[in-house]
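Taken in order, these protein sequences are the chains called Z and P.
Mapping to UniProt numbering: the first sequence position 225 is 225, numbers consecutive.
Mapping to UniProt numbering: the second sequence position 40 is 40, numbers consecutive.
It is worth saying that the hints were derived from the structure and are not from the lab.
Mixed in with the good hints, there may be bad ones.
Subject to a maximum C-alpha distance of 25 Å in a straight line, what follows is the list of computed BS3-like cross-link-like pairs (lysine-lysine) [stated by the list, open to error]:
#: 1; chain 1: Z; residue 1: 394; chain 2: Z; residue 2: 339
#: 2; chain 1: P; residue 1: 98; chain 2: Z; residue 2: 119
#: 3; chain 1: Z; residue 1: 119; chain 2: P; residue 2: 227
#: 4; chain 1: Z; residue 1: 119; chain 2: P; residue 2: 180
#: 5; chain 1: Z; residue 1: 119; chain 2: Z; residue 2: 616
#: 6; chain 1: Z; residue 1: 519; chain 2: Z; residue 2: 529
As the structure is a computational prediction, the values presented were derived from the model and not from experiment.
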Amino acid sequence: MGILEYDGESLNWNEIKLYAKYVKKHGIVQFLNNYQRLLERPVDILKWGDEVEYMVIRFDHKNRKVQLSLRGDAICNILQEKENSGIVNLPSSWRHEYASHMLEGTPGVPYQGDMAQFKYVESNMEMRRKEIQELLQPNEQIMTLTAFPRLGCFNYTNPSYKADSAKSNQICQSLFIPNEAIGSHPRFLCLERSIRERRGERVSINIPIFKDTSTPSPFIEKFNDPEANQAAKPDHIYMDSTSFGFGNCCLQITIQGSNMDETKLLYDQLAPVCPIVMALSAAAPIWRGYLADVDVRWPVIEQGVDDRTREERGLEPLVNNERVIRRPRFGSINSYLHKESRKFNDVAIEIDLETKYTLLDAGVDQLLAQHIAHLWMRDPLTLFTNNIEVDDKKVTDHFENIQTTNWHSLRFKPPPPGSDIGWRVEFRVCEVQLTDFENAAFSVFVVLLTRVILTYNLDFCIPLSYVHTNMTKAQKNNAINLEKFYFRSNIVSCCCRNSDCKNHIISDDESLTEEHFQKMSINTIINGKKDVFPGFILLIQKYLGSVDVDIDTRLKINEYLDFISNRASGDYMTAAQWMRHFVTSHPEYKQDSVVSDSIAYDLLVRCDQIQKSKVKCYQLFKTAA
Amino acid sequence: MSLDAERAELARIMVGHCNTFSIHSGNIINWNMLKKHRFHTSLTSSDELMDALHSAIQSWIRGITIDPVNMPEPQNAINISNRELETPIDPDQREKLKLSVKLFLCDWRPNIIRRAVDKVIQNLDVQRIDSLIVSFPVMPPSTNTILENSNISPVAADLNKIKPIWKEMQSVVDSGHVSKIGVSDFDQAGLELLHNWARIKPSINQISLNNCCAVPTDLIQYSREEKVELLTHSDPPEILSARNFQSFMSESTQDIDATNWTPSFIARYSVLVRNRGIVHSKGYITSAERQSLTSNGEDYGFF
């Protein structure tokens, strides 16, 4: 989660503010120093990797209660000992995460470009899980659960701490989240504080509550806090800390392109895929002990990292701030990068003009300059005393500072200095699934899709405003079965990507009409529909038929594709739908949207059984005998 | 006569005069996708091949030049290649590519191996094939029933026919034209028989996906021990029957004597960009022969 190396004391927002322009300016200098060198980079091979986030759970079987164990940090420290002692090429690699109940693991070495690598993904994930399990205490469990259902509820952590919303509390002034729940790494504490201080008030997250037959209507919670009562919306679940967002777990996939151009292409092509995968992987329907009307973590994080002031949000006239900013720092991407998709950039974005001109003057192309200038709209949120003055030729700390505090559905990552890592695109929307099988399935699926896009020269791009609409739809309760998404129907652009070619279906000056894209269900997009759309599964199968795949790998991939296919067709439930079903059919559930401690306990006991394959949950997935 | 009709007529005459015909589909990777009706799960490689043949021959006919002054001499052998779908291999990039060929034999003549390898190398303008898998001719149904009732591996039954072909496979490795050679649809017994006898061992056995779920453990075990790569395919038992090829020739060129054509081999090639998992190109080279013509071959003088 961003750079974790640091030196010195962390600054508070008022201090960081003074260096904001400095950091941003030097960030661009660092980028440009790197950029010139990168243009001559030779062609890179395919390398990719997954990042899985885990939470540590503690069961109290006697009292039928489940809590988050705050030992994630401590466990991570132990796991990192090998890496820190300098051993290389370890099978796994570990990182601290925002909340102290979390940690993140990746394969130690990236996967490479031959098909046989796909059969190792799941076993590496299983191995990581075992590594953590060896360090657990009795009654502790490790889980790849997107959102802990009782996050922010009374006594939800172990050890138990009290939330302190007093203004004197320097870190987390939340009604629900204690300071100790935030990871001990200064970066995270700094983020929690800076977001609030810059914004000028606590973040306010309002997620629509699922209205069941006995849910109070309107649903209004009364808090012992005027700011909260003001900010909480009726019929919504109110949350007031960045931790509610960053305390979730997700699955991220990073893919290296062969050069900058191909990476931009993949970035663009994956953008319309993001809402589809989000709907397929939905796993977070319960927030702060209530059933919500959304199935994913996305809106919670989006609202939870919103550092815009009231003026920037258009709620008050502009006095101290320069302009209104339409969107928070977290969300869907706001512009395509490859010149092929330029015509689909129909979303108005704010940019830092000075940054844009600096980049253009240095020879960076229009679209990339615009993209970076848009990221550079944001102020740095973390800074350490000894990391301010750095050698711009050797490090890219200030660049990464702004780059990694813009959290979008995809991230375009330039090669870091002093390494042979190339240009990469990071796919960030996937919710983490309960089992390694499912997480491996999603990872392999996305990577295979990129090979298919490159092999067949496919074009999924549609106007970005429609992708934004899709992202909103994908969050809804049961979006996977109920919603229709705008998707490109003519996906074969041509045999080439030469924009002068006359065979292109849509030329630059022609606009995209309904003939080129239509509303499709997830089932159509994944499984295809005659005369409408081939379906991702068919395209991947065609691709696999043209490459050499050994039998073990092919069988494994077929299992993954069957799983995704069944999710899309509705034969298997998403984790979100399954959890909803579990809660609403629980004997103690009172049709009032409340997920009590004991319901949450039973739910997580079942989740634990599923992830250990002790219970075959056919409504989630089946595995080959 | 319209220009199109003239071309078609000339094509018919040219085909009528020849008795060896080879068709290179060109790179069908993207062309394949452009046809919307290709988005069908039940499409087999046979369908793909037939499509490619039709497309190549139409492209050839379209490209025939009518020059009344310089009429071409009747040729015994015609080689056509779909010029509209060429994706040449850059020699400087050859090392980064992997060229794999699956050779479907339509009869048991060993000399087809060398001919097919030469054809592929010539059409793709390369020096070498990275891997060559041979698919032996389909056994006619009547002889199969004997095998089905016994426990003899089909390979064992045909071993005397397989050996000369394998010798040719070894020879193309010896001459440096092919790096790795393999077989398809061999069971463990057959693989072991060939492996024990061969000087250059098969390093690949490509087995059908359709039987995938029940891959016998003895085959898996043996392959692991002898380092034979077990790859997969979803090709039907016969990718191109003589009858289908004859209908194709008759339909597309109005060839009067179409029923005497028999395909001798189909080479399917796939060029993969190593380490990036992207397919550079894929295509079919089909070669067919006809028994000697009747003496009533038409001559050219219709202008």
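Here is how each hint holds up against the structure:
A hinted pair counts as satisfied when its Cα atoms are at most 25 Å apart, and residue 394 of chain Z with residue 339 of chain Z does not qualify at roughly 30 Å. Annotation: proposed proximity of residue 98 of chain P to residue 119 of chain Z holds, straight-line Cα distance about 21 Å (limit 25 Å). This hinted pair checks out: residue 119 of chain Z and residue 227 of chain P have alpha carbons roughly 18 Å apart, not beyond 25 Å. Between residue 119 of chain Z and residue 180 of chain P, the direct Cα distance comes to roughly 24 Å. Compliance with the 25 Å bound is thereby established for this hinted pair.
A hinted pair counts as satisfied when its Cα atoms are at most 25 Å apart, and residue 119 of chain Z with residue 616 of chain Z qualifies at roughly 22 Å. Straight-line distance between C-alpha atoms of residue 519 of chain Z and residue 529 of chain Z comes to about 12 Å, which keeps the hinted pair within the 25 Å bound.
Hint check: a violation occurs at hint 1 only; the rest are consistent with the structure.
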